[in-house]
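Colleague: Starting from the structure of chain D, add chain U where the hints point.
Heads up: the sequence lines are chains D and U, in that order.
Sequential numbering from 46 applies to the first sequence in this note's numbering.
Sequential numbering from -14 applies to the second sequence in this note's numbering.
Hints were generated in silico from the structure; no laboratory data involved.
Please note that the accuracy of each hint is not assured.
[To be verified] Across the chosen pairs, the derived CB separations fall in these ranges:
1. U:G13 - D:L151: 57 to 65 Å
2. U:H130 - D:L151: 29 to 37 Å
3. D:L294 - U:S3: 50 to 58 Å
4. U:E126 - D:D213: 48 to 56 Å
5. D:L294 - U:P103: 24 to 32 Å
6. D:V190 - U:H130: 43 to 51 Å
7. D:A239 - U:P103: 45 to 53 Å
8. U:A61 - D:L467: 47 to 55 Å
9. D:A484 - U:D108: 51 to 59 Å
10. D:D128 - U:W111: 52 to 60 Å
11. U:G123 - D:A217: 27 to 35 Å
12. U:D63 - D:W465: 22 to 30 Å
13. U:E126 - D:L134: 30 to 38 Å
All C-beta atoms, glycine included, are put in the ideal place defined by N, C-alpha and C.
Each chain is listed here by its residues.
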Amino acid sequence: MRRRGPGSVTSLVVVALVTAYATVLLTTIVMLGRISRENGFTGDGSREVLAILGTGFLVVAVVVSATVLTNAYAVVTASRARDVALRRLLGSSVAQERRLVVRDGLRTGVLGVAAGLVGGVAINAVIGVTVGGGLRSGVVEPLVVVPCAGVLLTAVLAAWRGSSAVLDVQPAQALGAAAAVETGAPAEPPRWTAVARVLVVLGLLGVGGAAAGGVLAPQAAYLGLLGGPLLAFGVVLSAPALFPRWLNLLGRLWPSTPSGVLAQRRLAHNPERTGRTAAGVVVIVSVVTMFVVASATLDRAVDRMYEGTSGAEGAADTTMVLAGVVSVMVSAAALISAIGLCQTIGLGARMRRRETGLMRVLGQSRADVRAVTIGESARLGLGAVTAGLLLGTFVGWAGAQSLMGSVVREHVVAPVVPWWLLLALAVVTMALAVGAALAPLRDNLRGTPLAALRG
Amino acid sequence: MTTTPVLQARGLRRSYQSGPQTVHAVDGIDLALDAGEFIAVMGPSGSGKSTLMHLLAGLDQPSEGTVLLDGDDLTAMDDEELTTVRRRRMGFVFQSFNLVPDLTVRENLRLPLSFERPPVRPDGAWEATLTDRLGLAGLLERLPHELSGGQQQRVAIARALVRTPSVVFADEPTGNLDVATGRAVLSLLGELVRSLGCTVVMVTHDATAASHADRTLFLRDGRVVDALDDADDEAIARTMLDLVRAS
Chain D
46 MRRRGPGSVT SLVVVALVTA YATVLLTTIV MLGRISRENG FTGDGSREVL AILGTGFLVV
106 AVVVSATVLT NAYAVVTASR ARDVALRRLL GSSVAQERRL VVRDGLRTGV LGVAAGLVGG
166 VAINAVIGVT VGGGLRSGVV EPLVVVPCAG VLLTAVLAAW RGSSAVLDVQ PAQALGAAAA
226 VETGAPAEPP RWTAVARVLV VLGLLGVGGA AAGGVLAPQA AYLGLLGGPL LAFGVVLSAP
286 ALFPRWLNLL GRLWPSTPSG VLAQRRLAHN PERTGRTAAG VVVIVSVVTM FVVASATLDR
346 AVDRMYEGTS GAEGAADTTM VLAGVVSVMV SAAALISAIG LCQTIGLGAR MRRRETGLMR
406 VLGQSRADVR AVTIGESARL GLGAVTAGLL LGTFVGWAGA QSLMGSVVRE HVVAPVVPWW
466 LLLALAVVTM ALAVGAALAP LRDNLRGTPL AALRG
Chain U
-14 MTTTPVLQAR GLRRSYQSGP QTVHAVDGID LALDAGEFIA VMGPSGSGKS TLMHLLAGLD
46 QPSEGTVLLD GDDLTAMDDE ELTTVRRRRM GFVFQSFNLV PDLTVRENLR LPLSFERPPV
106 RPDGAWEATL TDRLGLAGLL ERLPHELSGG QQQRVAIARA LVRTPSVVFA DEPTGNLDVA
166 TGRAVLSLLG ELVRSLGCTV VMVTHDATAA SHADRTLFLR DGRVVDALDD ADDEAIARTM
226 LDLVRAS
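If we strip away everything but chain D, and leave its shape as in the complex, we get:
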């Protein structure tokens, strides 16, 4: 019997969350569609917009979950290297070890989907009661089977991909006198895959096309609605290849102190893991930013059209309200990416226990150990936030431009980025990233350096 680590619980929560989210979202979309059809609203395209938007959110949530799950399995497998090494030493094959992880993925997937379905149906029932009579055909749409199957498949695939960490385990690691540090070579960032490239290019074409087409007609916004989810998908798949480079670029802006160099190098040690950790955060930050920037930019443009006349009051309020609504819509994906961020950083810091001991033996002060670990988390958090903000600002501006380009006199609207948005997103992400490292850091520093060095 394999002992269930914190990783399995995390995976279970992630699977249940995304399933519940899919159930609620899908049911709501179908329900709203039916209501608007019955009330004869057919020509304004709002149903299509809703369907595209909803599907987009769903795709983003599932893709974010997939990266978080893959990372969870990779990190947990790596943190159990000694157990795996012992079983390998006693004759278990790599395939057997990977099968164990995949079986765990399957079990987690089934349990999580079941729990998520129950939760989602319960939430639907609550919504049905509160909204009243809206859910006449029952509380679950048959169509929910599709995302559920998708989530299950995602969990198993994520376990399979994550289990490749088994390949890095040498049976001899089970024998004594293992090194105190991960001795493996720092990995090269993985290749930017063709699929990821195509998705990014298509996404950018869609979003860019929307912005350009907006000069002619507001219908260009549909292009952006298609391009946005494709871009999000592409960004998640590209993150392992591109995010480490982005971090390197940002790293040049920091003063190159010894502890800073160490923090930067540690992030680069496993670029794939770092990239996957950041992917979810980048996407969520950009989705929130996109809506807020789009709304603020629209408000400004409308304001300027009605300059001098009344009717433009409360524009700032609308932006705030929209930010709130969007936050609820992306809450599941945001929660999942936050869980992923905290888990990877937390487990990563925990795995540094022996390395911390080594550094302390060699004379690194406690304050310096803290500086390196916190610096590492802060760099990761800041990298993800800045990437998300830039991307979201661009897409958000493109959205507003597509709607207003044909209306405003200059044919181009300037993006408006509310400062509170930057601050809030940065503070939340940094707090999560740094906070996740604090508990393991305290553990690593407790007791003598020797105790830490022994693991």
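Modeller: Chain U alone, transformed into the frame defined by chain D:
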């Protein structure tokens, strides 16, 4: 000429509870090591040699007794003072090399300097001498995983000596090396510390390794039961065998 010992242990004891029993891992050891002295500590498993080394390095607190480094009492120091002492006045060489995998050879050997706040500038001439004598000159920009075991251990020795410490502690330094490489690495360590006047405390199972030392101490049940000066590996191995058979 009389000199004060660099490293001195007086009445050193370390005991701990193991179930209902009190185990004396180190049971009354007195030592005085002069500058430039190279000692090997041998003994069967569980004889207390690792505990002794940890006590001498201030990594473990004795139950009784004191450890003096250049006359300063390590047992009276707090964690921060001990950290500073380890950084400035001690060097460490491990069985598994323990180089930081993400740092180049140059960065690894400068690690103890980089731990200072503000960081200490490397002494270029000394660094050049060190890397030259250890045959690392062409490897400075490499990463540890690109090096052989022997090369990695030579980097670890450079790291241990970069601040010209008073004492170098070596924990089974040849344990992960083949015989020829182990011998070459220890010859280099011996030459360097003798020219620097560093004291070395080396814990080892390996009689050949111990034969590089000026003096070999034999431990059993936490006590020094025998000592040999300038012995060859054969004499050391024989003494070890007698020790094991007698227990």
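Colleague: None of the hints should be skipped; say for each whether it holds.
Modeller: Status of each hint after checking the structure:
no. : hint                        : verdict
1   : U:G13 - D:L151: 57 to 65 Å  : 60 Å, holds
2   : U:H130 - D:L151: 29 to 37 Å : 35 Å, holds
3   : D:L294 - U:S3: 50 to 58 Å   : 54 Å, holds
4   : U:E126 - D:D213: 48 to 56 Å : 25 Å, violated
5   : D:L294 - U:P103: 24 to 32 Å : 27 Å, holds
6   : D:V190 - U:H130: 43 to 51 Å : 48 Å, holds
7   : D:A239 - U:P103: 45 to 53 Å : 48 Å, holds
8   : U:A61 - D:L467: 47 to 55 Å  : 52 Å, holds
9   : D:A484 - U:D108: 51 to 59 Å : 40 Å, violated
10  : D:D128 - U:W111: 52 to 60 Å : 45 Å, violated
11  : U:G123 - D:A217: 27 to 35 Å : 29 Å, holds
12  : U:D63 - D:W465: 22 to 30 Å  : 45 Å, violated
13  : U:E126 - D:L134: 30 to 38 Å : 36 Å, holds
In this structure, the earlier hints numbered 4, 9, 10 and 12 are contradicted, and the remaining ones agree with it.
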